[in-house]
Amino acid sequence: MLDWLEIVNKAGGEAAWVTQQKNFPKRNGKRQKPKDSNEIIEMILKTEFVQKVIREECAKRNTTRKLLSDEARLILCSIAHEMQMLVIRSVGYVIAKTVRIIYNGIYFNDEQLLRIRECSIDDPIIFMPTHRSYMDFLVVSLLCFNHNLSLPVIATGLDFMASRFLGETLRRCGSFFMKRQFREDKLYWSLFSSYVQMQLRETDNPVEFFLEGTRSRSGKSLYPKFGLLQMCMEPFFRCQLYDLIVVPVTIDYDKVLEEFLYAYELFGFPKPRETTAGLFKSREILSKCFGHIYVNFGEPVSIRKYFDGRINRWHPPWQASVDNELSDNEKEAVKNFGLYIIQLHNLNSTTTIWSYTCAVLLQMKSAGHKKLMFSKLQSSLEDFVTLSKRLGRRIIIRKSIKDDLRYHLKLHSDLFQYDALFPNSLIELRRFKCIENNGLKKEYIEKMLCEVILSYYANQMMHGFVDISLLCHVLLSIQMLSRANHIFRELRSLFVYEFVCSLQEEEIDKLFAESLSCLLRISAISLDNDHIIVEEEQILKQIALLMQPFIARYYCVMQCLVQLVGTQFTNEVLFEESLQLAVNLFARQQGNSTSRSVCITSDITRNALLAFCRLQAICRRSEREYDVNIYRVQRMMGLLESTSMAELPFDKQSFVSKI
1 MLDWLEIVNK AGGEAAWVTQ QKNFPKRNGK RQKPKDSNEI IEMILKTEFV
51 QKVIREECAK RNTTRKLLSD EARLILCSIA HEMQMLVIRS VGYVIAKTVR
101 IIYNGIYFND EQLLRIRECS IDDPIIFMPT HRSYMDFLVV SLLCFNHNLS
151 LPVIATGLDF MASRFLGETL RRCGSFFMKR QFREDKLYWS LFSSYVQMQL
201 RETDNPVEFF LEGTRSRSGK SLYPKFGLLQ MCMEPFFRCQ LYDLIVVPVT
251 IDYDKVLEEF LYAYELFGFP KPRETTAGLF KSREILSKCF GHIYVNFGEP
301 VSIRKYFDGR INRWHPPWQA SVDNELSDNE KEAVKNFGLY IIQLHNLNST
351 TTIWSYTCAV LLQMKSAGHK KLMFSKLQSS LEDFVTLSKR LGRRIIIRKS
401 IKDDLRYHLK LHSDLFQYDA LFPNSLIELR RFKCIENNGL KKEYIEKMLC
451 EVILSYYANQ MMHGFVDISL LCHVLLSIQM LSRANHIFRE LRSLFVYEFV
501 CSLQEEEIDK LFAESLSCLL RISAISLDND HIIVEEEQIL KQIALLMQPF
551 IARYYCVMQC LVQLVGTQFT NEVLFEESLQ LAVNLFARQQ GNSTSRSVCI
601 TSDITRNALL AFCRLQAICR RSEREYDVNI YRVQRMMGLL ESTSMAELPF
651 DKQSFVSKI
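Those letters in the sequence shown? Residues 1 to 659, by the UniProt record's numbering.
Be careful, since some hints might not be right.
Unchecked claim - Keeping only pairs whose Cα atoms sit at most 30 angstroms apart, straight-line, the calculated DSSO-like set for lysine-lysine is: (1) Lys66 - Lys179; (2) Lys179 - Lys271; (3) Lys370 - Lys410; (4) Lys447 - Lys365; (5) Lys331 - Lys371; (6) Lys288 - Lys442; (7) Lys22 - Lys35; (8) Lys271 - Lys441; (9) Lys442 - Lys365; (10) Lys179 - Lys225; (11) Lys46 - Lys271; (12) Lys179 - Lys288; (13) Lys371 - Lys288; (14) Lys52 - Lys442; (15) Lys365 - Lys410; (16) Lys97 - Lys22; (17) Lys541 - Lys376; (18) Lys433 - Lys365; (19) Lys447 - Lys288; (20) Lys365 - Lys376; (21) Lys35 - Lys10; (22) Lys186 - Lys288; (23) Lys331 - Lys186; (24) Lys288 - Lys370; (25) Lys305 - Lys288; (26) Lys179 - Lys331; (27) Lys288 - Lys365; (28) Lys389 - Lys376.
No lab work stands behind these hints, which were simulated from the structure alone.
Since the structure is predicted, the reported quantities are computational estimates derived from the model, not experimental observations.
Start from the sequences, fold in the hints, and give me the full structure.
Have a look at this one:
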């Protein structure tokens, strides 16, 4: 991988780098000059599809075509980008200076970018990066600019227009804007989808959007949003494009800018608005160091090759202007493609030992260790890394485990209290303040804030362990192969929104087979026909511990659902009630050194709610309200009780380990 900061240095500094002459490639087969923003708006307004929607809305609203056409033009103006190279260079200079101050390096695989540039000459490019930080908006554009690749136009939430200055600056840097929810607004939907598709057909710029829809506050991949993906795929399905090239981009950080904001948001504190004042308040970050950024451009995925044999592209091209609705088969194919991209994101992640360190720290905190000797942390980390390598997991070690551990502890020193990092030095987690009137809840959140931040980084390596960890839970209680496969399938389905995967039966069975093969390879288990023999129980317990916190959290949410039987509730109510249940458990365990607390955050209850709805343990009664199917909830509670490594239920007793 190359370091972008070194490239800037060789160019003569930020000013020299940002003023370099650029020769962005033009797409083959396009004889006319690229359309500007106004031309694209007029082309969209004249399409038969948009005209049809305007006629329908006129009848529905009882208004004139002129008024609705004027409204449509205003909507398109609010959506459209106005990319200007002068603004891009000016903003790029400021960003480059800032990046140099707060980061030690931005590493990326340049050979892949050169391949993508070649692909862009023949086909439209869609960048689909992971979304962990606001920095994601900038990184891909910086590297495209560096490699003479046309800058992407980026789908951006309307939140950024809260500041006119910030919003219009982003617009001139290539951002086009979208509402968060607009599927029911037929006029807006027709205009926005037409705009996105026009960008793919009529311009040389790649399109960039975040498949996850919003930043992940938990460090894990979010379940994808399929609306914008469907819009982008439609011109190919309707034979208006020969091919589309999708580039999954995985962006990893040693330290994210928003780690404390995320932790507070997950406990229900409001998200700050994206305003200019907020931007200037964030200048305090310039006094901090955030380590390295790792940008991994994945293999370009040809949509034509991916969907070959999966869908039937029988639609004549002229139908697309009248009927923009995808068939159920096409929607299902797009959904599976979105899940495939999330899988590629995870496979391409750059995992340093910090993720493993956080997992070790959380386990030791769970075991009751309030302070930890550096040498003990190092030896536990070395054991975990050794086991992970035996399981075939990739870990980036820059120097040595000891040196890298010191580097990351210093980088994240705001999370810890220590005098020095000698072998016998004691390391203790800091406690952070929160604004909360309820004394007990305040104490609980203050104790959990640091744990939530550590969980963010530990979760970054969990995609490589979730399946094998769940299997270890199963094998510690069930040794019949067929039965173990069945229970694994149920558990994996329960955590599908927590750790994203395809729920096609053959895909789940594949995950089971791969995890089983892993354990066989390291001789942790052996097979005797349909019987599984546990050879290394301690290894299975060590791996199983990784998923135990999630099992405990989901069980806590289920206990809350039992209390909500007979009422209709919202996601917000479920979060507040589940959090209160965890706070009550925390209060009962005060002074008990062997007990464990359950960390409930808003993402846990949201993901659990989605999973329970899919498993019909919860029924949606209105757009926002749900009620409980008690029989299915109790069945799932029994499933977790039979596989958990901790004593369940824990409503009337301490949450203690079985082992």
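Each hint, compared with the structure:
1. Lys66 - Lys179: Between Lys66 and Lys179 the Cα gap is close to 24 angstroms, so the pair holds against 30 angstroms.
2. Lys179 - Lys271: With Cα atoms ~17 angstroms apart, Lys179 and Lys271 stay inside 30 angstroms; holds.
3. Lys370 - Lys410: Roughly 19 angstroms separates the two Cα atoms, so the pair holds.
4. Lys447 - Lys365: With Cα atoms ~11 angstroms apart, Lys447 and Lys365 stay inside 30 angstroms; holds.
5. Lys331 - Lys371: 52 angstroms, violated
6. Lys288 - Lys442: 28 angstroms, holds
7. Lys22 - Lys35: 19 angstroms, holds
8. Lys271 - Lys441: Holds: Lys271 and Lys441 sit about 20 angstroms apart, inside 30 angstroms.
9. Lys442 - Lys365: Distance ~19 angstroms between Lys442 and Lys365 Cα, so the pair holds.
10. Lys179 - Lys225: 14 angstroms, holds
11. Lys46 - Lys271: Violated: Lys46 and Lys271 sit about 40 angstroms apart, past 30 angstroms.
12. Lys179 - Lys288: 34 angstroms, violated
13. Lys371 - Lys288: 26 angstroms, holds
14. Lys52 - Lys442: 55 angstroms, violated
15. Lys365 - Lys410: 20 angstroms, holds
16. Lys97 - Lys22: 20 angstroms, holds
17. Lys541 - Lys376: It holds: about 20 angstroms lies between the C-alpha atoms, which stays within 30 angstroms.
18. Lys433 - Lys365: The hint holds at about 19 angstroms.
19. Lys447 - Lys288: 24 angstroms, holds
20. Lys365 - Lys376: Holds, because 13 angstroms separates the two Cα atoms, which is no more than 30 angstroms.
21. Lys35 - Lys10: 35 angstroms, violated
22. Lys186 - Lys288: 46 angstroms, violated
23. Lys331 - Lys186: Holds - the C-alpha atoms of Lys186 and Lys331 are around 18 angstroms apart, at most 30 angstroms.
24. Lys288 - Lys370: 27 angstroms, holds
25. Lys305 - Lys288: 45 angstroms, violated
26. Lys179 - Lys331: 21 angstroms, holds
27. Lys288 - Lys365: 27 angstroms, holds
28. Lys389 - Lys376: Holds, at about 20 angstroms.
Against the hints set out earlier in the document, violations occur for numbers 5, 11, 12, 14, 21, 22 and 25.
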